[in-house]
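Q: Sequence:
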Amino acid sequence: MDSSIQKHSAVSNEQHSQPLTTIRGSDSSEHAPEDIGSVLRQLSGSQGIMDKPGEKVVELPEDIPKPITNLDPTVKYLSFMTYAGLTNQFIALENAAYIAIRLNRTLIVPPITTNSHDRHNSNQRWSEFFDFSRFRVLTGINLVEWNDIRPLTSEQIEVGRRKARLGGKAYPLWDSLAENLTCQVIYGFGDSERLHTTELTFSRQFLFRPQFVRPPARKPSTKTFDRTTIGAKDNINMEDIVTVDDLVDRYTDSKEHLLFLSHSFKLKDPLGRRSWQTAGRYLRFLPKVNDYAKRLIHHRAPEARETGKYIAVHLRRGDIWQKCRSQSEEGMLACITPLSFYADAVKKAYKTAGEKLPVVVATDSNSEEDHITIAKLGWRRLNHELYTTEQELGIFGPALVDAAILADAEVMVGSYSSSMSRVAERRQMSWHNRTVIYPRTKKS
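In the working numbering, the protein residues as written are -14 to 429.
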């Protein structure tokens, strides 16, 4: 392959002619790129601005106006602090959507926000990946996005970006523009639990200071649960809200115009995954995301073009070891499962599929050893560094294309301790009535 072929840079909305799967560098294992012309349009309008090495510092005027928050005085709203990585942010959105319909409030959706896992200082709308119009019709949940409720000028965005980069350091210009926002302490966040990188980045990018207040007292009629039994790890203040129903009961009569929650991701529902059944399963990918995923599969596994069938392996590596470094050796196997265990699971996947389908691998592994083993097994690793995924779909494009590929696989092999695999498992079951296979997590 011509080693001079480079990954395209982003272009304007009028320029749609570049291929999706343009390859960079030479790799005998890669197939020729498939030119798909203007099937996928390039996204635009994301409020985020990406930090770039050597980027010229923008001079800001001194008279930047304060941001305006456009809330309808006749509507009651609910919003929440986004949390951790992309999949956890999705679960936080799903939980908040369920709470919003229970409280009969319009949900203000924060954008996907960069965190300590990536190199950006930015954000991107969920509606650039998921069909919100369809979601509204199917669920009856009204939602709007922070980017529309609190639209920022380019100068305000730059101030927010600089504050996010500075962290807790003083930045007088940001201080002069930022506004206070009353924030309800949920699951202890903002009180006994400190805020993490993602929440802080979100508030700094949108120029607001959360002012934390304790929730109303628990209603006597609310059923309580043993926290250990339901997996709630907030045991510092037993009056904290840790379940969905407790939250709904306490705020049913709230007069707050904007009920802003410090947290929603960790909320427990002892009665089952009602948030998934009511909201999460109806958040379907936009056609352009599915189309991109299909083109990528066809490029990496041309034999899948005729039937569209493939096996997808989600190999979670990255920082997953930090979640279980204190566990036993056997416990570690559930976090960092050997590739040989995945290979055994793929053999089961062949039997489930009834044929030896091509295997594609979505992974965050930077291990050369993993990459070599994957190649020796004949599997096709999805390396978005070689493709224009980010230029076409934005900074969260690679992760969400992987999510779409996992969701639509004929058979999926997941990573036991990965929240991304668990959400993909729910999509597989809800959308296709398929069961996900997990590698064994014991030596024998």
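Note that these hints are calculated values from the structure, not bench results. Note that the structure is a prediction, hence the values are computed from the model and not measured. Treat the hints with caution; some may be incorrect.
Stated by the list, open to error - Here are the computed distance ranges between Cβ atoms for each label pair:
#1 Met317 to Asp276: 35 to 45 Å
#2 Ser415 to Lys218: 44 to 54 Å
#3 Asp276 to Lys332: 24 to 34 Å
#4 Asp57 to Asp276: 34 to 44 Å
#5 Glu353 to Lys51: 47 to 57 Å
#6 Arg290 to Arg121: 52 to 62 Å
We put the CB at the ideal spot given by N, CA and C, even for glycine.
Q: Of the hints stated earlier, which fail here?
A: Hints 2, 6 not satisfied by this model.
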